[in-house]
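> The primary structure of each chain is shown beneath.
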Amino acid sequence: MMTSSTNSVAAASMAVNASRARRSVLNRKLVLTLVAWTIALMMFFPIFWMFLTSFKTEAEAISTPPSLFFTPSIDGYIEIQARADYFKYALNSVVISLGATLLALLIAIPSAYSMAFLPTKRTQTTLLWMLSTKMLPSVGVLLPVYLIFRDLGLLDSRTGLIIIYMLMNLPIVVWMLYTFFKDIPKDILEAGRMDGASTLQEIFHLLLPLTLPGIASTGLLCVILSWNEAFWSLNLTTSNAAPLTAYIASFSSPEGLFWAKLSAASTLAVAPILIFGWMTQKQMVRGLTFGAVK
Amino acid sequence: MRLSHSMLSRRRLLSLAALAALTPLSGQASAETITVATVNNADMVVMQSLTNEFEKSHPDIKLDWVVLEENVLRQRLTTDIATKGGQFDVMTIGTYEVPIWAKQGWLTKLDNLPADYNEADLIKPIRDGLSLTEGDDQGLYALPFYGESSMLYYRKDLFEKAGIDMPAKPTWTQVNDWASKLNAPDEGVYGICLRGKPGWGENTALLSTMVNSFGGRWFDEDWKPQLDSPAWNEAVNFYVDLMNNYGPPGATSNGFNENLALFSSGKCGMWVDATSAAGKLYNPKESSVADKLGFAPAPIAKTEKGSHWLWSWALAIPESSKSKDAARTFITWATSEEYINLVGETQGWASIPPGTRKSTYENPAYQEAAPFASFVMDAINSADPTDATLEPVPYVGVQLVTIPEFQSIGTQVGQQMAAALAGQTSVEDALASAQRSTERTMRQSGY
Numbered sequence: 001m002m003t004s005s006t007n008s009v010a011a012a013s014m015a016v017n018a019s020r021a022r023r024s025v026l027n028r029k030l031v032l033t034l035v036a037w038t039i040a041l042m043m044f045f046p047i048f049w050m051f052l053t054s055f056k057t058e059a060e061a062i063s064t065p066p067s068l069f070f071t072p073s074i075d076g077y078i079e080i081q082a083r084a085d086y087f088k089y090a091l092n093s094v095v096i097s098l099g100a101t102l103l104a105l106l107i108a109i110p111s112a113y114s115m116a117f118l119p120t121k122r123t124q125t126t127l128l129w130m131l132s133t134k135m136l137p138s139v140g141v142l143l144p145v146y147l148i149f150r151d152l153g154l155l156d157s158r159t160g161l162i163i164i165y166m167l168m169n170l171p172i173v174v175w176m177l178y179t180f181f182k183d184i185p186k187d188i189l190e191a192g193r194m195d196g197a198s199t200l201q202e203i204f205h206l207l208l209p210l211t212l213p214g215i216a217s218t219g220l221l222c223v224i225l226s227w228n229e230a231f232w233s234l235n236l237t238t239s240n241a242a243p244l245t246a247y248i249a250s251f252s253s254p255e256g257l258f259w260a261k262l263s264a265a266s267t268l269a270v271a272p273i274l275i276f277g278w279m280t281q282k283q284m285v286r287g288l289t290f291g292a293v294k
Numbered sequence: 001m002r003l004s005h006s007m008l009s010r011r012r013l014l015s016l017a018a019l020a021a022l023t024p025l026s027g028q029a030s031a032e033t034i035t036v037a038t039v040n041n042a043d044m045v046v047m048q049s050l051t052n053e054f055e056k057s058h059p060d061i062k063l064d065w066v067v068l069e070e071n072v073l074r075q076r077l078t079t080d081i082a083t084k085g086g087q088f089d090v091m092t093i094g095t096y097e098v099p100i101w102a103k104q105g106w107l108t109k110l111d112n113l114p115a116d117y118n119e120a121d122l123i124k125p126i127r128d129g130l131s132l133t134e135g136d137d138q139g140l141y142a143l144p145f146y147g148e149s150s151m152l153y154y155r156k157d158l159f160e161k162a163g164i165d166m167p168a169k170p171t172w173t174q175v176n177d178w179a180s181k182l183n184a185p186d187e188g189v190y191g192i193c194l195r196g197k198p199g200w201g202e203n204t205a206l207l208s209t210m211v212n213s214f215g216g217r218w219f220d221e222d223w224k225p226q227l228d229s230p231a232w233n234e235a236v237n238f239y240v241d242l243m244n245n246y247g248p249p250g251a252t253s254n255g256f257n258e259n260l261a262l263f264s265s266g267k268c269g270m271w272v273d274a275t276s277a278a279g280k281l282y283n284p285k286e287s288s289v290a291d292k293l294g295f296a297p298a299p300i301a302k303t304e305k306g307s308h309w310l311w312s313w314a315l316a317i318p319e320s321s322k323s324k325d326a327a328r329t330f331i332t333w334a335t336s337e338e339y340i341n342l343v344g345e346t347q348g349w350a351s352i353p354p355g356t357r358k359s360t361y362e363n364p365a366y367q368e369a370a371p372f373a374s375f376v377m378d379a380i381n382s383a384d385p386t387d388a389t390l391e392p393v394p395y396v397g398v399q400l401v402t403i404p405e406f407q408s409i410g411t412q413v414g415q416q417m418a419a420a421l422a423g424q425t426s427v428e429d430a431l432a433s434a435q436r437s438t439e440r441t442m443r444q445s446g447y
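Line order of the protein sequences matches chains A and B. Going by the working numbering, the residue at position 74 of the first sequence is 74; the numbering climbs one at a time, nothing skipped. Going by the working numbering, the residue at position 268 of the second sequence is 268; the numbering climbs one at a time, nothing skipped.
Hint data in this document are derived by calculation from the structure and do not stem from the laboratory. Where a beta carbon is used, it is the ideal one built from N, C-alpha and C, also for glycine. There's no promise every hint is true.
Distance ranges between label pairs, derived from CB positions [claimed, not checked]:
1. A:LEU152 with B:PRO59: 31 to 37 Å
2. B:ASP429 with A:THR179: 47 to 53 Å
3. B:ASP384 with A:ILE39: 56 to 62 Å
4. A:ALA271 with B:PRO59: 44 to 50 Å
5. A:TRP278 with B:THR33: 54 to 60 Å
6. B:LEU113 with A:MET42: 40 to 46 Å
7. A:SER138 with B:ASP429: 30 to 36 Å
8. B:SER359 with A:ILE78: 33 to 39 Å
9. A:ASN27 with B:THR425: 49 to 55 Å
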């Protein structure tokens, strides 16, 4: 009797403990979800607000307190399309960011390969040195780059921007690929070599398929960085090769109201990359956490 | 086999994509293309929208536009012209840059303009501001697109209610009195709105005119900065007190645009700013005070000299342009009487680019659409950049000093003034610090 009652008490207290534990897990989940949602909403809010503003009239766009409910109008969109052809700029953005990404991968894959699998004494220093070039403010090299581009006839050409963006992103691309490649056991490549694979075959048939998520996320990051770059695109292009960043810049003005038009232009400019980001977020996350848990 | 096939196609795809990406734009049509760089102000947007009209009457010239915000454009153009990059055939620059760039030999001299351009019709102070008047290279270097001075806007209804009569020449002391009477923050009306946003083209422009009128100057005849002089002290103290007592909160973020929005939504009793705002304030579509708007000359203190500024946006051709003739054809069209009439007929007479030609102000259609026309003409005509201070100075300019160093000096001083307005520092400390930084800049430049 005694034992059974002790047992039942123990069982009851275990059940209480278990439900308490479950509740605390639930609570933690709830708090985490709330925090995650708050952060996500805070990050998304500016984009949402920009989207709303793009459908306001100029007067509504600057009104204080800001109006949340209004009659939407697409006048802003009509007006910006009348002033500049969005598709010309969008095409430039697509060509330039894809071109720069492909070129960067083309150069970075062999160099990351050699650094990951055939390291020398100076590999680490070289990697650090590559990254240090990212710490130089772009405006510091504006004049020399401008002069070189002038002499090579690269000003206002897509080729010029592709080269600049490739150079700009190369350190990050090499670094990311290097970390992904390092996680691949050397034995796999050696096994391939035993079977008579050449270096190129080794890269194409073994290394690339194995690290594809990593390469994909590196490529996606490179596309996004190139898409958003505004300093070089504003300074090295005029009209032929101007991408969307130059398009947005043309709607800001020190005189007169422009918020609704600027929001419309920005919405159009970020829409493709936003959709692209949503579509590829699985790959991005998979790539970025690739090899994180061993 | 399958693998190598897919590899091949992947490779081919890659190389094709790379090739497509690297192929530059295909060649232009046979017409000569000129690239016009301009700012994104309403009058320039109209010019851009009339591209078709120009290309119709000049089928051998095609226009490409680069539109940027003022500061970005200025930096972009300076990079290009200083390196002789040759990316632009027409540049939109202001009264500040033209003499400096002309002296450097960067701009094409515009002599022998066609007779039907009627150069004598250009308003003299504006024309002089775009010319070199000394040395071997005297002449005109840019054609004015629109010009402006500054003036006092006020709300007639509020003045009537308060029983104030606007005199022909208001003074800053009177403005202070009126501001105290009009100020009613509880009803959403502030006595006065003035620029507070730092920048040589923002608060420094307004403060320079105030300092001029309070009897001060930027430099003495030996180029010694005068920011620690009693006149600067008095003017800046007056400005800071006026704005703190009767101005809107957060005035340090208010530039031309913000004040325009405040005034046109009925939140200010008075506003001293560019004459080019008049067209917008009188437009009932953009302004809720269109029927209650009064205007008067910019207020004065000790002297009338330099109390209102002079500015114009102008079109110039860089020496590095490869299509100078086509560029010249375009800028003479865009600044001609014919162009002004075209804008008047297609966009309405209140929207024409003002302040460049006498004929504009003699035009009955414009006089009817713009009741402020003759007033603005007088303000522009009486602004004299060569005689804008009580005491003699070695420089030209009302609200600016036409030396290359002024951009950085003006902006630094503007930042100090904004700090004083925000209460982060006292006026005395702000001026002392502005004086030191200006002295340093001038010393480094070898003055």
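> Give a verdict on every hint.
Against the structure, the hints:
no.	hint	verdict
1	A:LEU152 with B:PRO59: 31 to 37 Å	holds (33 Å)
2	B:ASP429 with A:THR179: 47 to 53 Å	holds (52 Å)
3	B:ASP384 with A:ILE39: 56 to 62 Å	holds (59 Å)
4	A:ALA271 with B:PRO59: 44 to 50 Å	violated (37 Å)
5	A:TRP278 with B:THR33: 54 to 60 Å	violated (39 Å)
6	B:LEU113 with A:MET42: 40 to 46 Å	violated (58 Å)
7	A:SER138 with B:ASP429: 30 to 36 Å	holds (35 Å)
8	B:SER359 with A:ILE78: 33 to 39 Å	holds (35 Å)
9	A:ASN27 with B:THR425: 49 to 55 Å	holds (50 Å)
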